[in-house]
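Student: Single-letter residue listing:
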Amino acid sequence: MRALAPAVLAALAFAGCQRETRDFRTDPPVLAALDDVAPLPNRIGGAPPDVYVALGQPYQANAYALSEGKRLYDGMNCKGCHADGGGGTGPALLDGWWRYGPDIVSLYVTLRDGRPRGMPSYADKLNSEQLWQVAAYVQTIGSYRAATAATSRNDQMQSRPSENRGPARAPLTEPPSR
Amino acid sequence: MGLKAYAFETSIRGALVAGALLGSQTARADPPALGLETIGRLELAWTFRTGNPRGHAGAPAVSGDSIFVLTPFPHALVALDLQGHERWRVVPDSDPRAEGLATGGGVTDGPVLAGGRLYLTTLDGHAMAVEAATGRVAWDRAVASLDAGETLRNAPLVQGGRVYVGSAGDDAGARGWLAALDSGTGRELWRRLSTGPDGEVGIGPQFRSAYPTEAGADLGVRTWPPEAWRQGGGSPGPILADAELGVVVYGTGHPAPWNPDQRPGSNRWTSGLFARDAATGAARWFTPTNPHDEHAYGAASPNLLVDRPWRGVDRKLLVHPDPNGFLQVLDRETGLILSAKPIVPTNAVSGLDAGSGAPVRADAKRTHADTMTRDICPAWTGPVLAEPALSAETGFVLLPTSRLCMDLEPRDSGVIPGTLSIGANVRLKVPAGPAGALVAWDLEREAPAWTAEEPLPLAGGVLATGGLAIYGTLDGRLKALDARSGRSLWEYRAPSGIIGRPVAFTGPDGRAYLAVLAGVGGPLGQAARGGIDVRDATAAGGLANAVRQAAYRDILGQGDESGSLLVFRLP
Amino acid sequence: MRAGRRLAIGVGLGLGLGGCSGSQSALDAHGAQASALRDLMGLFTVVCGTVWLLVLLALAVAVWRRRASGREPAEPGATSERRLGIVVGVAVALTVLTITGLTFASYRTTRGLTGIADEGVTIRLRGYQWWWEATYQDQAPERVFRTANELRIPVGRPVRVELAGVDVIHSFWVPSLAGKQDIIPGRQNEITLKAERPGIYRGQCAEFCGLQHAHMAFLVIAELPENYEAWRSAQLRAAEPPADPEAARGRDVFLAKSCKACHAIRGTPAGGVLGPDLTHVASRETIAAGLLPTTRGSLAAWVADPQTVKPGSKMPLVPLDADELRAVSAYLASLK
Numbered sequence: 001m002r003a004l005a006p007a008v009l010a011a012l013a014f015a016g017c018q019r020e021t022r023d024f025r026t027d028p029p030v031l032a033a034l035d036d037v038a039p040l041p042n043r044i045g046g047a048p049p050d051v052y053v054a055l056g057q058p059y060q061a062n063a064y065a066l067s068e069g070k071r072l073y074d075g076m077n078c079k080g081c082h083a084d085g086g087g088g089t090g091p092a093l094l095d096g097w098w099r100y101g102p103d104i105v106s107l108y109v110t111l112r113d114g115r116p117r118g119m120p121s122y123a124d125k126l127n128s129e130q131l132w133q134v135a136a137y138v139q140t141i142g143s144y145r146a147a148t149a150a151t152s153r154n155d156q157m158q159s160r161p162s163e164n165r166g167p168a169r170a171p172l173t174e175p176p177s178r
Numbered sequence: 001m002g003l004k005a006y007a008f009e010t011s012i013r014g015a016l017v018a019g020a021l022l023g024s025q026t027a028r029a030d031p032p033a034l035g036l037e038t039i040g041r042l043e044l045a046w047t048f049r050t051g052n053p054r055g056h057a058g059a060p061a062v063s064g065d066s067i068f069v070l071t072p073f074p075h076a077l078v079a080l081d082l083q084g085h086e087r088w089r090v091v092p093d094s095d096p097r098a099e100g101l102a103t104g105g106g107v108t109d110g111p112v113l114a115g116g117r118l119y120l121t122t123l124d125g126h127a128m129a130v131e132a133a134t135g136r137v138a139w140d141r142a143v144a145s146l147d148a149g150e151t152l153r154n155a156p157l158v159q160g161g162r163v164y165v166g167s168a169g170d171d172a173g174a175r176g177w178l179a180a181l182d183s184g185t186g187r188e189l190w191r192r193l194s195t196g197p198d199g200e201v202g203i204g205p206q207f208r209s210a211y212p213t214e215a216g217a218d219l220g221v222r223t224w225p226p227e228a229w230r231q232g233g234g235s236p237g238p239i240l241a242d243a244e245l246g247v248v249v250y251g252t253g254h255p256a257p258w259n260p261d262q263r264p265g266s267n268r269w270t271s272g273l274f275a276r277d278a279a280t281g282a283a284r285w286f287t288p289t290n291p292h293d294e295h296a297y298g299a300a301s302p303n304l305l306v307d308r309p310w311r312g313v314d315r316k317l318l319v320h321p322d323p324n325g326f327l328q329v330l331d332r333e334t335g336l337i338l339s340a341k342p343i344v345p346t347n348a349v350s351g352l353d354a355g356s357g358a359p360v361r362a363d364a365k366r367t368h369a370d371t372m373t374r375d376i377c378p379a380w381t382g383p384v385l386a387e388p389a390l391s392a393e394t395g396f397v398l399l400p401t402s403r404l405c406m407d408l409e410p411r412d413s414g415v416i417p418g419t420l421s422i423g424a425n426v427r428l429k430v431p432a433g434p435a436g437a438l439v440a441w442d443l444e445r446e447a448p449a450w451t452a453e454e455p456l457p458l459a460g461g462v463l464a465t466g467g468l469a470i471y472g473t474l475d476g477r478l479k480a481l482d483a484r485s486g487r488s489l490w491e492y493r494a495p496s497g498i499i500g501r502p503v504a505f506t507g508p509d510g511r512a513y514l515a516v517l518a519g520v521g522g523p524l525g526q527a528a529r530g531g532i533d534v535r536d537a538t539a540a541g542g543l544a545n546a547v548r549q550a551a552y553r554d555i556l557g558q559g560d561e562s563g564s565l566l567v568f569r570l571p
Numbered sequence: 001m002r003a004g005r006r007l008a009i010g011v012g013l014g015l016g017l018g019g020c021s022g023s024q025s026a027l028d029a030h031g032a033q034a035s036a037l038r039d040l041m042g043l044f045t046v047v048c049g050t051v052w053l054l055v056l057l058a059l060a061v062a063v064w065r066r067r068a069s070g071r072e073p074a075e076p077g078a079t080s081e082r083r084l085g086i087v088v089g090v091a092v093a094l095t096v097l098t099i100t101g102l103t104f105a106s107y108r109t110t111r112g113l114t115g116i117a118d119e120g121v122t123i124r125l126r127g128y129q130w131w132w133e134a135t136y137q138d139q140a141p142e143r144v145f146r147t148a149n150e151l152r153i154p155v156g157r158p159v160r161v162e163l164a165g166v167d168v169i170h171s172f173w174v175p176s177l178a179g180k181q182d183i184i185p186g187r188q189n190e191i192t193l194k195a196e197r198p199g200i201y202r203g204q205c206a207e208f209c210g211l212q213h214a215h216m217a218f219l220v221i222a223e224l225p226e227n228y229e230a231w232r233s234a235q236l237r238a239a240e241p242p243a244d245p246e247a248a249r250g251r252d253v254f255l256a257k258s259c260k261a262c263h264a265i266r267g268t269p270a271g272g273v274l275g276p277d278l279t280h281v282a283s284r285e286t287i288a289a290g291l292l293p294t295t296r297g298s299l300a301a302w303v304a305d306p307q308t309v310k311p312g313s314k315m316p317l318v319p320l321d322a323d324e325l326r327a328v329s330a331y332l333a334s335l336k
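Chains as they are written, first to last, in this note's numbering: chain A, 1 to 178; chain B, 1 to 571; chain C, 1 to 336.
Hint data in this document are derived by calculation from the structure and do not stem from the laboratory.
Any given hint could turn out to be false.
[As the list claims (entries may be wrong)] Here are a few chain C residues that sit away from chain A, every Cβ distance over 10 Å (derived from the structure):
#, residue
1, L57
2, F104
3, A105
4, S106
5, G120
6, P198
7, A206
8, L219
9, W231
10, C262
11, Q307
12, T308
13, L317
[To be verified] Beta-carbon label-pair distances, calculated as ranges:
#, chain 1, residue 1, chain 2, residue 2, range
14, B, D375, C, A238, 38 to 44 Å
15, A, P102, B, G395, 46 to 52 Å
16, B, S485, C, D138, 52 to 58 Å
Model, not experiment: these values are computed from the prediction.
Just so it is clear, CB atoms sit at the ideal spot from N, CA and C, and this is done for glycine as well.
Chain A on its own, in the form it takes in the complex (with noise of 0.2 Å):
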């Protein structure tokens, strides 16, 4: 009984050791099967994929994913129009406003097939996971959302707490009207 208790915390330390799981390779019928997004008919929310689903949704609160999506974010010139997150010639990110909606499917549908104003289309730049990555990184990237993995913030600039960290100003409550 007295060793009972030692062993029950060593296996309770040793669970600590699981390691988040990374799945570097996706069969192709699957990353076919992840473009299969059925948004509604403005192209704005909608259903993820069934295999999104049974997957266990793998790319919003994995943090190999979120940093992938990062990289790619920096890779693909995002940068250029959003900065960011704070945007310029294209919309901030931060500020947790959405044109085209706040949900991974409208994220989904905007880097896959661009939208009118002037985001263009990555169909052609990256393949189905890495969408979904971008995806979900730049949703981390919006404020007021609770999640339970998040990526560093650049720190070449300064350091500080990362921008979704830090407090919304008060110009910034009003929605932007452009």
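Here the structure of chain A is known, so what remains is to put chains B and C in place on it, guided by the hints.
Tutor: Chains B and C alone, transformed into the frame defined by chain A:
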């Protein structure tokens, strides 16, 4: 404010109608012109709301009793009479994709009136001619390709039966070009690129540079790594013409991408000044001002042509406020730099090398891939974004300046169609002291005659008339100063920030008018209307960082949801 | 049984000696820097070995000359005290002298590693997870180009390698040519190579940098200067338009699919910078950072399923049908 302005406006309208009735009966004797004595009596006659929230740069065109306004993208060309009533309106088809390439807020310039026609360019790449009397579209040509990342931002130049149009799109990696169209039909006469082989650039036997560094075959290819000139940038800035010399003069934009390590070499013919034969487009001379541009300065700032004695000799001068902070005075026959003096605090460039005309860069402010260089002055936006003016009464060049600095970290950036390959982390900074100033530059002494400091950078053009300097500010103040001393004479608070240029004219009724577009935007005013999130310091080309600083914060939320044309009149 | 054990020991020793030669061995030096390091290593081995032997000898003598049992501890006397003092003093002096000498030798050698004349070649090398990007620098910008995972250098000329990184810490190590130098994001490090004779030398990332650290290798190919110049001018050319229809179709597939977003091929609109420049990919000996030899088959295998070949690599699986894959591999194999 809004309600008050409305009440004011209606009462003015009433007075106007009464005045017009009165005026028809009693002939007035010689109405006063706009000048130092009369400016205090200037009153708002009427306003016209454009319904477009974007940055209203440039100036309206005026002819007889009509005012023509080109609103920002998606454009509408509106003709108004001098009472503010709409005569007609042309709304060209627009391609909304252009918005995604409209860096720096995507402001476009006003229409140009010549020979009874209005010539204009649209952000989505069309050049158009419209009959001023009827609003009928005479011709409409797609000259720039959005697929290649090209847009049109500057007003065309109309001269000698030709319409000169320059592309924009340095940040999208588009090769810059200048094209000449036939003003009657819109047919393209020639097109010359800013990078590439001599044949495409228009370098031929006519080309004589004042500097030996410009001699050599195919420098537009050989001063780049292999094939990099194909994404070279170098879009033309505002174009000026000298009919006597038969040249058009303009500055070219910065090379693409921002990261200088991706494009070693002097990157011809970006970031310099070109003079081209007006008829054939053949290059006459080129003077580099920021070769191997490390700070995305370019040289596409608005210039002035000035004819005056220079050190005892009558010369044809080009006054070029370079984005690197130096005001350069060139001989526009040869491209030789006669003088270069800083007009704002600078530290990126310490002076000019006499032999090559190239800037001498300070080692501490050079930039390299993945390396942060702090406190570079001036910022990439350059000190002068809008048209300077020559004050005829004083001989001073009136320069609207901004004094921003920046932190810059260039990063590798690929060429991906439809995206902006800027690939840099940049933050604009407001240095200690005022962020802007109207500088009256004395060309004789090569020093400022006076400086009117401003808490915000100046982003709108200056009007010099009747011994006055009239300009607008980002927080919506329209100001008139005495051009001789800089003394403030008159101020009016507009409903939105001003990045446009005021114009003065005399109406058919003989009265002096002043018109200006208010509608904040552009690279320095983009934050005024929200839409960017200032928690990210790099937003809007780093503007967000400046807006966080006290001096700049006041402009947040100052933007009106619609730009407007304000028309003032002397009673 | 005993024979078996002998055999095992013999094989073990033989395997150990295997490290003394080959394309990736600090003991098989083919460059000035590596030779200097090898000599330094030799000097240290000889000096330290001698010291070790002397100490062991002294220890053995001390053990051998054991005192007679039961005698009282030695009386402290003036004579023995002085003798003891002299022995200790001499030993300390010798130690200081040896260490000073070795320090000096080491300082001299490492200083000699970085000297470079102006006529040398400068390469900017960036480490990525998990491949290498090399940019050949030149005074004339038209002679600057990017390549990946393979450095060609002229024999007998010093080559300065400027090391930069963007993601994590890597380390540049070509044991046969030079020592090791870390690549630290945000810092500029450099190392000088000078190959004395032509050959192919293998290099390897020597700082654990993630999952595929072991497959982050590269080749340094030292060539006669005329061969090097010929190679360099070939690399400067844009990619030839494909000659046969299959390769032409492969180019179309390359430009239509997502390949172009990450890879650049000079002479085509493809201008990505996330992955290696593929303008002359077929002229390189290996692909995927030293993982596979460059053949059309291995190119096809890599494109078809990169995550099976190199799990975790940043190359995604681009869905292609069999014809497209054949065409793309034909095109890539034609990029000599």
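Student: Each hint needs a verdict: does it hold in this structure or not?
Tutor: Structure-based check of each hint:
1. L57: Its Cβ never comes within 10 Å of chain A, the nearest being 51 Å, so this holds.
2. F104: holds (41 Å)
3. A105: holds (41 Å)
4. S106: Nearest chain A Cβ is 36 Å from C/S106, so the label holds.
5. G120: holds (32 Å)
6. P198: holds (37 Å)
7. A206: Given that every Cβ of chain A is farther than 10 Å from that of C/A206, nearest at about 24 Å, it holds.
8. L219: holds (26 Å)
9. W231: holds (29 Å)
10. C262: violated (7 Å)
11. Q307: violated (4 Å)
12. T308: violated (6 Å)
13. L317: violated (7 Å)
14. B/D375 to C/A238: 38 to 44 Å: holds (40 Å)
15. A/P102 to B/G395: 46 to 52 Å: violated (59 Å)
16. B/S485 to C/D138: 52 to 58 Å: holds (56 Å)
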